[in-house]
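Colleague: Start counting the sequence shown at 1; every next residue gets the next number (UniProt numbering).
What the hints contain is simulated information worked out from the structure, not anything from laboratory work.
Predicted model, so just to flag it, every value in this text is computed and none were measured.
A portion of the hints provided could be inaccurate.
Pairwise CB distance ranges (calculated) [what the hints assert, rightly or not]:
| hint | residue 1 | residue 2 | range |
| --- | --- | --- | --- |
| 1 | Lys-3 | Met-63 | 37 to 47 Å |
| 2 | Pro-26 | Val-72 | 49 to 59 Å |
| 3 | Glu-81 | Val-8 | 19 to 29 Å |
| 4 | Glu-14 | Ala-80 | 44 to 54 Å |
| 5 | Phe-33 | Val-79 | 27 to 37 Å |
| 6 | His-4 | Gly-65 | 42 to 52 Å |
| 7 | Val-25 | Ala-67 | 29 to 39 Å |
| 8 | Val-79 | Glu-34 | 26 to 36 Å |
Lysine-lysine pairs mimicking BS3-like chemistry, simulated, CA-CA at most 25 Å apart [stated by the list, open to error]:
| hint | residue 1 | residue 2 |
| --- | --- | --- |
| 9 | Lys-3 | Lys-16 |
| 10 | Lys-13 | Lys-3 |
| 11 | Lys-40 | Lys-3 |
Beta carbons are placed, not taken as given, at the ideal position from N, Cα and C, and that holds for glycine.
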Amino acid sequence: MWKHFGRVAPHGKEWKWMMESVLGVPALRTHRFELDSVRKNTFPYRCQCQQHQLTVRRHNRVMRGEATYRCVRCGDVLVAEK
Numbered sequence: 001m002w003k004h005f006g007r008v009a010p011h012g013k014e015w016k017w018m019m020e021s022v023l024g025v026p027a028l029r030t031h032r033f034e035l036d037s038v039r040k041n042t043f044p045y046r047c048q049c050q051q052h053q054l055t056v057r058r059h060n061r062v063m064r065g066e067a068t069y070r071c072v073r074c075g076d077v078l079v080a081e082k
């Protein structure tokens with residue numbers, strides 16, 4: 001985009017032209033990925049008030065000690081269920 005048009009608005013008319021004319025795809029700003037396989041790979045975690053399902057990425061961050069997650073309702077730290 002920069003090479004052809006310089007500084008332009010994101011998702012503006014130049015971007016729409018590039019998507020539709022050059023790449024031959026609809027100029028949609030939202031993705032339409034298949035997410036079923038991602039949703040199935042979750043790990044159960046629990047707080048004081050409910051059970052949560054963490055994604056593989058978040059679960060791995062917890063296991064490596066890089067992150068902790070809290071419940072939005074009660075504020076308790078989520079703990080992996082056994």
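Colleague: Against each hint, give a clear statement of whether it holds in the structure.
Modeller: Results of checking the hints against the structure:
The beta-carbon spacing between Lys-3 and Met-63, approximately 43 Å, falls within the hinted interval of 37 to 47 Å. At roughly 35 Å, the beta-carbon separation of Pro-26 and Val-72 lies outside the given 49 to 59 Å, and the hint is violated. Against the hinted window of 19 to 29 Å, the Cβ-Cβ separation of Glu-81 and Val-8 comes to about 49 Å, which falls outside the hint. For the hinted restraint 44 to 54 Å between Glu-14 and Ala-80, the CB-CB distance of approximately 48 Å keeps it satisfied.
Separation of Phe-33 from Val-79 is about 30 Å and conforms to the stated range, judged on CB atoms against 27 to 37 Å. For His-4 paired with Gly-65, a C-beta distance near 46 Å keeps the hint of 42 to 52 Å intact. At about 35 Å, the CB distance of Val-25 to Ala-67 agrees with the hint of 29 to 39 Å. In this structure the supplied range 26 to 36 Å holds for Val-79 paired with Glu-34, their Cβ-Cβ distance being about 31 Å.
Taking the CA atoms of Lys-3 and Lys-16, the gap is about 16 Å. The hint holds against a cut of 25 Å. A distance of roughly 15 Å separates the Cα atoms of Lys-13 and Lys-3; the hinted pair therefore holds under the 25 Å criterion. Proximity of Lys-40 to Lys-3 is assessed by CA-CA distance (about 41 Å); at most 25 Å being required, the pair is judged violated.
Hints 2, 3 and 11, counting from the list given before, are not met by this structure.
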